[in-house]
Each structure stands twice: as structure tokens, then as C-alpha cells.
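On the provided structure of chain A, position chain B as indicated by the hints.
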Amino acid sequence: MDVPSDLRYTDDHEWIRDEGETGTIGITAFASEQLGDIVFVELPAPGTRLAAGQAFGVVESVKAVSDLYAPVGGEVVEANGELASRPELVNADPYGGGWMVRLRLDDRAELEGLRDAAAYGTLLAEA
Amino acid sequence: MNGVRPVLEPTLFERSRPGRGDGKVPHPPRDALAGVPAEQRRTAPPALPELSEPEVIRHFVRLSHLNYSVDAGFYPLGSCTMKYNPKLNEWAARLPGFAALHPLAPEALAQGTLQLLWELERLLAEIGGMKAVTLQPAAGAQGELTGILMARAYHEWRGDDARRKVIVPDSSHGTNPATASMAGFETVHVASDGRGDVDLETLRGALGQDVAAVMLTNPSTLGLFEEKICDILEAIHAAGALAYMDGANLNAVLGRFKPGTAGFDVMHFNVHKTFSTPHGGGGPGAGPVGVGETLEPFLPGPRVLRDGDGTFRLERPGERPDSIGRVRAFHGNVGVLVRAYAYIRAHGGPGLMRVSEDAVLAANYVRARIRGAYDIPFDRICKHEFVASAKSLKARTGVRTLDVAKRLIDHGFHPPTIYFPLVVEEALLIEPTETETLETLDAFADALLAIAEEAERDPGTVTSAPHEAPIGRVDEATAARQPNLRWCPAAGAETPCPD
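Line by line, the protein sequences give chains A and B.
Numbered per this note's numbering, the first sequence spans residues 1 to 127.
Numbered per this note's numbering, the second sequence spans residues 1 to 499.
Since the hints were derived computationally from the structure, they do not count as laboratory data.
Nothing here was measured: the structure is a model prediction, and the numbers come from that model.
Fair warning: there could be bad hints in the mix.
Unchecked claim - Taking lysine-lysine pairs in the DSS-like style, the calculated list, with each CA pair at most 27 angstroms apart, reads: (1) B:Lys131 - B:Lys258; (2) B:Lys165 - B:Lys228; (3) B:Lys131 - B:Lys165; (4) B:Lys131 - B:Lys228; (5) A:Lys63 - B:Lys228; (6) A:Lys63 - B:Lys258.
The shape of chain A in the complex, shown without the other chains:
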């Protein structure tokens, strides 16, 4: 199971890439596999303010609809417009082309509270 080492992870299977002032967020390969073929992704508009743990969108597959939770707090600077026409990117490339939102981070310290790749791997092993 693909768990890139340069990302941080939540217990709900979102990942965040630390880019200094901003962070890019998506769902992990495990999550996209569990959901099955993604058919629709609903994302927030730029300017939306989010708190850590707050639901920021919805991902829908043939089998299930799931809320997406912000790993950290911040303001949405960009949402991945590609996913409107190509939701399958979330399955095909969950850490790259399947990215979902980019936030301007409120508090970089919130990143410390997230799992690193090893800790996320442990979570998956226990599942």
C-alpha cells in the first residue's frame, strides 16, 4: 500500500503535503481503494475558512458517499478543478493528480499532531 514518506496523515485517511505557507490535501491510496471507483468530488470554493477536523467536501463512489475532513485549519486558496470532469484521478493518482484542495495554513504547529508515514502505516496494519 502506497504511503509516501514526505506526507502527513489523519486517522480518516486524508494526507497533507507541507509546502511551507500552504498545504495540499487529498485522500490516501487506501481510502480511494476502499471507496471504489470515484464518480463525484465536491470541493469548497477558494476563500472558504476551515478548522482542523472540519468537513470540507464530499467524495462519492459507486458504493458510498464520504465526508472529507481538513487535517489542519486554514483558508482554501485553490481546489482541484480537474476532478469535476475526471474524478477517476483520485483512484489513479491519489497523491498527485488526484489532489483536492490547497490551504493557506493557519498554524503550522497543527501538522505536528498528524501521523507520519510510519504511524499511518501502523494504522493501516491494525485495520
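Below, chain B alone, put in the same frame as chain A:
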């Protein structure tokens, strides 16, 4: 099974031949077009298919032959209670006094219908152990919303605006949290314990002064009777919350467990499940709601009342000011309620108790027959339905619950509910109901066993099933991402695609 697919029926557009239909399009009366602005009028006639009447009849009759229904075969769809719909119900609903009654007819001319509704309220109240019933809600989910809206009205009436949460078990039907959200509440999920019951300690921890109601299904969506239901209800009331019973699984406990008597404040009935009215396209359903004394003032209105002289009338506006008001036009789905009334009267109390006994027996029989080949996560006496799992089968052979379901179609059976409840991996929720013969139950169990055996020996045939249905495995993902909703003639055809 001979491995041959039935022929799929072409669309009417593909059967169309120019000039065949005789141009039978109704002409608008006289100057009907006068009011239509010039730019909205057609310049060319609509590209309607042209067929003769016999061709149209055969088209739709052939399509109807492709249907599967409970009148055609076994339909063990868990949680739905797909029991046989007695044709006696149809006779009753078609009696002209009911079928031809105008919904705005004066009360003096509607006495028969009003009496039936009044009596049905009392029959359901007795069955549910409740004080009063409304028949207005359109079906189960709207019944849930009605119940939760009454709970909201009750807390508002008490002057308590702190109760913003509704608790539901993690095994609950999706309509429960949806209902809570629609009514403006936040949903809190509590986990089930190792025995599939609501975890009492977790529930106690979640209860507080901020909880308006707890929505429970008993027996649960796992088909198991909540062993600690009395303690659960006590804990809910001690916290000042109301107890809502989702009545979807009532078929298991008729005459033996009365939610109101046990302590539930409000419940809904699914007459299209428990009381044999048609489902889905044969419906609509209906979702009567029963309440105890606490919530009676808040029931939707207008209710049917009986005056001292024995005549029936509707409540007048303002007669019951705490009512949450209307939830449906007129009096709900009255034709459906006539069917439910006929079913209950035909069975009587002893008959309804027998219904539940047979439903529980049938489910336990099928469970016992398939238990070696499929995992039974909670392998104890179940009620009217049980959950099996293909988890081990998948691990050994790669064959999943979805594949088992598709292969059942080749055996001539509608598959059971799959992947619900969400708390069981690779779930199959099987509810035979009480209206099947032993031969049918055995044939279904034999089919499931044959598929499990085929999964070991020749998994490819199972994972590529169905082979005998009019169409094979549907590409659901593409259908959702790029829906093709419209037939258009091929490019370059004489008549282009209508705009």
C-alpha cells in the same frame, strides 16, 4: 441455466419507420397556441417515433417480461420485507367507494374512508403499543422526519434549546442520520458491541443534556433483538431525551414486542414492508407514525375524529394548536392505507403473530443451511433476517459479495441486500419473509451453496456473472461519470438529434 441471454428490447426510436404511426399526435384545440410566444413555437414537428399500436403494445409487453418482481419470484432483500402482496388488498383498494372518492369531497360523503383511517390508526396504535397514530407521512423516511420534527417541537415547547444532537447506532439505516440532519440536528454515531447490539456504556457516555432523541431499530439492522433494550430506554429517558423506534423490522416482533409499551416515545411503521402493501414502482409506500402521550399534541394534522353521534370528521384548523402541521397533501397515500387495513383485518391479532413466527423461522432456517459456506458474524438465533458475509470466501477465492449476488441472478433469484449494514464486511442481508414455501427456501440455500462451491472451483465464472440475464455486469462508474441519457440517431441521419 443454458448460458443464453434473453434478447434485449430495442428502443421505440429504433423500431420507428417513417409513416407507420399514422401521425397520431393530438392536435391542440383551436387557438391553444395563441398564447405561446412566436419564438417558443416549433418550426419542425417533434421527432416522435412512428409505430403502429400493435408494435407499441408488444414493445412494452416484452419489456414487462424482462421485469423481476415479488409476483415472479423470491425476493430476499434484507430490511425490505418483500413479502407476498395479497390480491385481497387490491380488491379492497379498488372498491369504488375508496377508489373513486375525490380528496376534496365533503366529509358527509367520505364517511367510509374516514372510518377506515380512524380504525387503522387504532389498529396500528395497538400493534405498536402507542397512544395515537398519524397516517399522513408518505413512507418510512418521511415518517422518521415527522417523528423527529415532533421531538424537536416537544423540546421547544419545554423551552429547552440546548438539545441539538440525535444519537444513532453505527448499524443504522442511512435514513436515520439523514432525518436528523433534515430536522436541523447534529448526528452522533455510537458503536455496536461484539454481539452486534448497541454498546450500552458507549451510549451512556454519549447521552447528555444536549441530546434530543435516540433513534433505534429493534430488532437491529443486523436482525438481532437488542438484548439490553430496557436498560437502553431507561438511560435515554434518564438523560431527558426521547426514544425513537425505526419500525422497519417490525415483521419480526408483531404481537410480541410493542415499542410503545416497552418505552419508546415515537415510532414509524412501514406499511409497504410489514403490512404487505406494494413496494417501489408498485407503491407508493406509507409511513404512519405512532406516539405516546408525550408527543400526542404534536401529531401532524388534520386528524380524523369521531363525534358523539358516531360520525367521522377532520380536525378543524386551530383545533390542536401544538400540531406540527401538515406533512403531506390530503391524508397521505390513502389507497395504500386501505390495503394495509385489509391485510391487518384479514389476519387479525393471531394471524399477525403467526406472520412474525414464520418470518423468524424462515430466516433461521436459511441461516442454518448456509452457515458452513458463508461467515455468519453473529451466529445466534436471529429474528426475521440475518447477515452473512463473504469475507472468508473473498480471502480464499477472490470472489466477493457483489459477485455472489450477480451469480444468484443466473440461478433465477433476486439477490439479497448487499454491503449493508456497513458494520459487516462483504455483507449479505437475507430476509426470506414468511410467505415462501420450504422448497423455495431450500432452492435459494442450494443456490448460495452452489455459488460458494463454484467460487472455489471456477471463480472466473462467478466474478463475471451474470451470464443469463438480459445484460451483463454494468459499468456503474462510467454510468455515473458520463451518463448517456438520451437516444440520438446516428451521425448523418436524415432527422438530427432533437434539441
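If you test the structure against every hint from before, which numbers come out violated?
Numbers 5 and 6, in rising order.
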